[in-house]
Amino acid sequence: MEKWIVSPSPHLRQGDTTRKLMGDVIIALCPALAGSGFLFGPRALLVVLVTVASCVLSEYLCRRVMKRDNTIGDLSAVVTGILLAFNLPVGINLFMAAFGGVVAIVVVKQMFGGIGMNFVNPALTARIVLMSSFPTAMSTWSEPFYYVKGGADALTTASPLALMAQGEPLPSYTDLFLGVRAGCLGETCAVALLLGGAYLVARRVIKPVIPLCFIGTVAVLTLLLGQNPLEHILTGGLLLGAIFMATDYTTSPLTTKGRVVFGVGCGVITVLIRVFGALPEGVSFSIILMNILVPHIERLTRPKPFGEEGKRREKAGS
Amino acid sequence: MQGKVTLTFPKRPSRTHGGAGVPHRKNTAAMESTVMPPPEQVVIPMQQHIGAPCKPTVKAGDLVGVGQVIGDSEQYVSAPIHASVSGKVLKITQVQLPTGNRVDAVVIASDGEMRPYEKLCPPVVNNAKDLVRAARESGLVGLGGAGFPAHVKLNVPPEKRIDTLLINVAECEPYITADHREALENSWAVLSGVYAVKELLQIDRVLIAVEENKPDVIETLTKIAESDTRDPENHVRVLPLKARYPQGAEKVLVQACTGRKVPAGKLPADVGCLVMNVTSVAFLANYMKTGMPLVSKRLTIDGSAIAEPKNVIVPLGTSIHEVIEFCGGYREEPKKLLMGGPMMGLALADDSLPVLKQNNAVLAFAGRDACLPEPTACIRCGRCVESCPMHLMPTLLETWTKRKNAEELIKLGVMTCMECGTCAFRCPAGRPLVQAIRMGKAIVKGAKK
Numbered sequence: 000m001e002k003w004i005v006s007p008s009p010h011l012r013q014g015d016t017t018r019k020l021m022g023d024v025i026i027a028l029c030p031a032l033a034g035s036g037f038l039f040g041p042r043a044l045l046v047v048l049v050t051v052a053s054c055v056l057s058e059y060l061c062r063r064v065m066k067r068d069n070t071i072g073d074l075s076a077v078v079t080g081i082l083l084a085f086n087l088p089v090g091i092n093l094f095m096a097a098f099g100g101v102v103a104i105v106v107v108k109q110m111f112g113g114i115g116m117n118f119v120n121p122a123l124t125a126r127i128v129l130m131s132s133f134p135t136a137m138s139t140w141s142e143p144f145y146y147v148k149g150g151a152d153a154l155t156t157a158s159p160l161a162l163m164a165q166g167e168p169l170p171s172y173t174d175l176f177l178g179v180r181a182g183c184l185g186e187t188c189a190v191a192l193l194l195g196g197a198y199l200v201a202r203r204v205i206k207p208v209i210p211l212c213f214i215g216t217v218a219v220l221t222l223l224l225g226q227n228p229l230e231h232i233l234t235g236g237l238l239l240g241a242i243f244m245a246t247d248y249t250t251s252p253l254t255t256k257g258r259v260v261f262g263v264g265c266g267v268i269t270v271l272i273r274v275f276g277a278l279p280e281g282v283s284f285s286i287i288l289m290n291i292l293v294p295h296i297e298r299l300t301r302p303k304p305f306g307e308e309g310k311r312r313e314k315a316g317s
Numbered sequence: 000m001q002g003k004v005t006l007t008f009p010k011r012p013s014r015t016h017g018g019a020g021v022p023h024r025k026n027t028a029a030m031e032s033t034v035m036p037p038p039e040q041v042v043i044p045m046q047q048h049i050g051a052p053c054k055p056t057v058k059a060g061d062l063v064g065v066g067q068v069i070g071d072s073e074q075y076v077s078a079p080i081h082a083s084v085s086g087k088v089l090k091i092t093q094v095q096l097p098t099g100n101r102v103d104a105v106v107i108a109s110d111g112e113m114r115p116y117e118k119l120c121p122p123v124v125n126n127a128k129d130l131v132r133a134a135r136e137s138g139l140v141g142l143g144g145a146g147f148p149a150h151v152k153l154n155v156p157p158e159k160r161i162d163t164l165l166i167n168v169a170e171c172e173p174y175i176t177a178d179h180r181e182a183l184e185n186s187w188a189v190l191s192g193v194y195a196v197k198e199l200l201q202i203d204r205v206l207i208a209v210e211e212n213k214p215d216v217i218e219t220l221t222k223i224a225e226s227d228t229r230d231p232e233n234h235v236r237v238l239p240l241k242a243r244y245p246q247g248a249e250k251v252l253v254q255a256c257t258g259r260k261v262p263a264g265k266l267p268a269d270v271g272c273l274v275m276n277v278t279s280v281a282f283l284a285n286y287m288k289t290g291m292p293l294v295s296k297r298l299t300i301d302g303s304a305i306a307e308p309k310n311v312i313v314p315l316g317t318s319i320h321e322v323i324e325f326c327g328g329y330r331e332e333p334k335k336l337l338m339g340g341p342m343m344g345l346a347l348a349d350d351s352l353p354v355l356k357q358n359n360a361v362l363a364f365a366g367r368d369a370c371l372p373e374p375t376a377c378i379r380c381g382r383c384v385e386s387c388p389m390h391l392m393p394t395l396l397e398t399w400t401k402r403k404n405a406e407e408l409i410k411l412g413v414m415t416c417m418e419c420g421t422c423a424f425r426c427p428a429g430r431p432l433v434q435a436i437r438m439g440k441a442i443v444k445g446a447k448k
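If you read the sequences in order, they're chains A and B. Each residue of the first sequence is one higher than the one before, starting from 0 at the first, in numbering that gives the first Met the number 0. Each residue of the second sequence is one higher than the one before, starting from 0 at the first, in numbering that gives the first Met the number 0.
In short, the hints are calculated from the structure, not lab data. We put the CB at the ideal spot given by N, CA and C, even for glycine. A couple of the hints might just be wrong.
Straight-line C-alpha distance at most 25 Å; calculated DSS-like pairs for lysine-lysine [said to hold, decoys possible]:
#1 K403(B) <-> K303(A)
#2 K265(B) <-> K440(B)
#3 K54(B) <-> K303(A)
#4 K334(B) <-> K2(A)
#5 K303(A) <-> K260(B)
#6 K87(B) <-> K303(A)
#7 K90(B) <-> K256(A)
#8 K128(B) <-> K90(B)
#9 K10(B) <-> K58(B)
Listed below are several chain A residues computed to face chain B (Cβ distance under 7 Å; list not exhaustive) [unchecked claim]:
#10 P7
#11 L11
#12 T16
#13 L253
#14 G276
#15 A277
Some chain A residues well away from chain B (every beta-carbon gap over 12 Å; in silico) [to be verified]:
#16 R42
#17 G115
#18 P168
#19 D174
#20 T249
#21 G257
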C-alpha cells in the first residue's frame, strides 16, 4: 500500500520559512528605505535597485553555473542587496555599487556554499572591499536634501564622525535622530532603523540580545572615555549595524550567551576604532572581526545538556 | 501530625527551558467517550511494552474470557498480556509492529458476549509489595505512550526515597484528549488511585500536573482533591502548568513541578519523584476494585481525514481500520496515518495494525495536512537551540551526524535527546532534525560496540 506517506516525526510544522523571515527583514528595512529616499532623493532608491538587481542576478547565475538549486526565492539576496546599498554613499558610481553586489554574493556567500554557510557578513565585506578599492567615492558624502538644493556633486560635506574627530560641532540631536546628516544612505535615519528593529523583535525574527549588548557597550565605553554616548549611538552606522547586520543569523552565534559575547565584542571594537583608531568609523570592521570569532564563541558558550550540570557537581562534591 | 515534615507545595510551576507553543486542536475535548462494541476478531501482539516480549500461554482452539492471561514472560522488565474479548483462539501468528519488530500475536475470534474470565478477582493489596505484584498482574504499562511496565516503575529500590508523586495530565500533544476525558469521566478513580499509591508507597505529597488549556480538568480534580476526607492534611494538590509543548515529557514535568533536574541517564526516582500518567493511575484504582486487567484503551480518533472525530474505548487488538470505521470512516482519502500525536507519533504504512496498550490516539490526515515542506539549507537562526528542552544544539547534531563523528556527538549530548520534535517544528528551513539525531544516536551506539 503506497498510498500513505510514511515520514519521521514531527508531522507538524510551525509554518515559518526562510522566505517568510527574509520577507519580514525586508519589511523592517522599509522605513529606513523610505527615509533614505526622502533624505537623499530618488538616486538613493536607484542605488538600492542596482545593488538588489546585482545581488539577485549574481545569486541566480552563480547557482546556475554551480549546477545547484535556485535559491533566489528565499529572498536573502534581496536583503543583502538592500543592506549593501544602505552602506554606500548616495553619490556612488552605479557600476561600483553593482560590483559590490557581485562581491557580496559570489565571493562571500556562494563560494562558501550559499545561504547559511558564509562566515562573514556579505554586505559588510562588500562594503569594505569597495572602501579599499574606491576610497574617494566611498567617502564622498552628499548633504541631505542636496537634490532639492542643487546639483549632485555641488554639495558634499563631512560625516558627523569625521566632524567629531576634528572637534567640529555636530548637527542637533533632532537632526541626528531624524537622519538629517551626511552618511551612508540607509544609516542616517535613527528613528526608521529603530522602528524596523522593533518590528523584527515583535515578529520574533530576531532576539534583541545582540543589538542591546552592542549599543549598550558602546554607550558605556564612550561614557567612560569621556565622550558623548548619544552622539556615538546616533552617528555612523551603529544602529544599522547593530540592528540589521550584527543580527545576521548565519554570522552570529547560535547561543544566547554567545550572542551576549558577540554583541559586547562588537561594541568594544567599534569604540576602540572610533576613539583610538585612524578611521572615523569602526562598525563594519567590528562586526566582521566578531563574525570570524563566531565558531570559537559558540564552542565556548555551548549549553550543558539537561541534567549534565548536576553530574559535574556530583563529581566535584565526592 | 507529630514527626511529619512540613511539605511545601509550589504555587506556580518552576521555569523550564525551551519548548514551543504548538497548536492545541483539541477538537474532541468536550465529547463524551463512546464504547466500541467488540469486533469480530482481535489480533493481540505479544509485545505491547518496553522490555522482553511475552510468550503465548494459549493455543489455537482454546476458549478464553475477557481478562484471561494469554501471554507472559519470565523476564523482569515485561508485562503480561490479557484477552480483550471472550471467544476462541483462532491461531498464533506474527505481526509487524509500527516500530518494525516482528512479534507473535494471538488471534481471538470474539463470541460477542464480552464474558469476563471467571477466575478474575480483585487483588489483595496491603503494602507496597502487594501493589507492585498487582501492577504486574494487571498488565499495566505506562499509558502515556512510552509503555514502560508499571510494576518496574512502582518497585522503587529502598535506598531511593520518593517524596513526591506526580500525576501527568499535561497531554501536551496536539489533538489528543484521551487523558483529558479520562480525568473528567473517571475523576474519582484518578483520586482513589492517587491515594492508594501515595499511602502504599508512603509518599508525602502528590501534585496533579494539568496544562492550563484544560480548565475543566483543573476544576474537577481540585474539587475532589480538596473535599476528600481521606486526606485531611491536603497532601494532594492540582498544579496548573503553562500549556507549552513538551510539558508532559517526564524530565520537563519533574522540573516544572518541583524545580528538580533529573541527571542525564538517571530516572525521576533519583530526585525523589515518581511520575504516573493519569490514565495509568485511574486504571490501577479500577483494577484494585474489580480485578479486570488492562484489556481496553481510550483512543482519540481525529485528524482532517476522519469523518466523526471522537474518543473511543476500544478492546486491545482491534484493528485500526475497524476503529476508524466506527468513527464514520474516512471523510476523504487520507494521505498520512499516525499512531500517537503529530509531534512524536509514528506514521503507519497501513491501517490493519491492532490497537496496543500504549496507544492513545490515531490521527488521519488528508491532502495538505499530510505534507511537509521540502527542506532548505540551515540558516543558523538558532530557533532549534532556543527551543530544545534538553539544552541541546540540534543543528550541530545534524552537522556532526552527517560527518559521522561519534566523539563530537557524545560531547554535544546526543543521547540526552528525547526526540520531542520541538526543534524540527520550529525550524524555518524544514530540516529533518529528529531523523538526523536518531541517526546520530545510532552512530554513537555503533561506535561504542
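Each hint, compared with the structure:
| no. | hint | result |
| --- | --- | --- |
| 1 | K403(B) <-> K303(A) | holds (22 Å) |
| 2 | K265(B) <-> K440(B) | holds (18 Å) |
| 3 | K54(B) <-> K303(A) | violated (43 Å) |
| 4 | K334(B) <-> K2(A) | holds (6 Å) |
| 5 | K303(A) <-> K260(B) | holds (13 Å) |
| 6 | K87(B) <-> K303(A) | violated (56 Å) |
| 7 | K90(B) <-> K256(A) | violated (61 Å) |
| 8 | K128(B) <-> K90(B) | violated (36 Å) |
| 9 | K10(B) <-> K58(B) | violated (55 Å) |
| 10 | P7 | holds (4 Å) |
| 11 | L11 | holds (4 Å) |
| 12 | T16 | holds (5 Å) |
| 13 | L253 | holds (4 Å) |
| 14 | G276 | violated (30 Å) |
| 15 | A277 | violated (33 Å) |
| 16 | R42 | holds (32 Å) |
| 17 | G115 | violated (5 Å) |
| 18 | P168 | holds (43 Å) |
| 19 | D174 | holds (36 Å) |
| 20 | T249 | violated (5 Å) |
| 21 | G257 | violated (9 Å) |
Checked against the numbered hints above, the structure violates hints 3, 6, 7, 8, 9, 14, 15, 17, 20 and 21; every other hint is satisfied.
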